[in-house]
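Undergrad: If you're matching them up, the sequences are chains A and B in order. No gaps in the numbering here: position 177 of the first sequence is 177 in this note's numbering, and each next residue is one more. Positions in the second sequence are counted from 1; adding 235 to them yields this note's numbering.
You can trust all of the hints, since none of them are fake.
Below, computed lysine-lysine pairings styled on DSS-like, alpha-carbon distance capped at 30 Å: (1) B:K274 to A:K176; (2) B:K274 to A:K96; (3) A:K176 to A:K96.
Treat the hints as calculated values from the structure; they're not laboratory data. Predicted, not measured: the structure shown is a model, and the values here were computed from it.
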Amino acid sequence: MQQLAFRLTLPILFGYIPLGMAFGVLFSTQLDYAWWIAPLMGVFVYAGAGQILAVSLLAANAGLLEVFVAMFVLNARHLFYGLSLLGQFRGAGWRKAYLIFGLTDETYSLLTSRPRGRDRQHEQQLDFRISALNQFYWVIGCGIGALLGETVAFDSTGIEFALVALFIVLTIEQLKALGDSVPVWIGALAAAAAMMLLPHAHQLIGAIVIVTLALLVQYYRARQNELAEAPSNHG
Amino acid sequence: MADTYYIAAFIAVTTLATFATRVIPFLFFERHTEHPLVKHLGRYLPAAVMALLATIFLQRSADWSTPTLGLDALVPGALVVVIHLWRRNALLSIAAGTAAYMVIQQTGWL
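Put together the whole structure using the sequences plus the hints.
TA: Right under this line is the structure:
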């Protein structure tokens, strides 16, 4: 199982190490705090875009209320992720709190896309290992970046494309599993609309709100059709 | 000393805010797992979110100025799709697309 978890998370390894390092370098070059605060944030906060925002908030000595609101709004898309995992995490016991804590974009993507067997407990254990490995990569990246600071000699430029490629692969897998392209089109069109209408910082959450609204409309229309087809049963 | 207090409080607040966004659906919808609307979202939301993340991050990886016009990310992106449809091996598709993107970014092709 450990091997399977490692294989499934390999693309995240290639994405999280360089991205975590980017955060770490930013942290140690912009701020005066001890280097180990950067991996510590990876352990507790564990949010890519959130931690990068945190660097500018720390640099500005922002008030704590402002910090809370800014982080909540930036991560608000995660509010929608749990909706599709309610059943999957049910009965996971002590692992459940960590599974919820670890729901980054990438972990959510892996956990909702991978094939699942009948043995619920076994699948939840694998979910747990996947989540923990992903966070491990992230924390290591944050630490290396912060330790090395500017001295880090990159020519891993572009390696973070692994995450984009992962999202593309998972879209194809979702499409094949569902056998229905409508949700994929809804997602792509919502993203296009959000990118045209909204400033950079609000595009992700904007697109996810549009997607959720579109799925709600789809749901109510399907229900109305069902009711229209079977009207006499209530009479 | 004041700094130590501030950074500790800062980490506590950012941790709480991030965890709140992740835990809220489990606090408010846990009892409605069997509701048809929750099932509908559970079934279709992941596919839509994946397509959305792919679209937005692909767009952000690209250089849209002339003469590149986004090809520096669109070509590796298309390569991922083609290889994945051909072999359906996630790691191979991701490795090939990432390698192509890295070569293009580092050599300045396109």
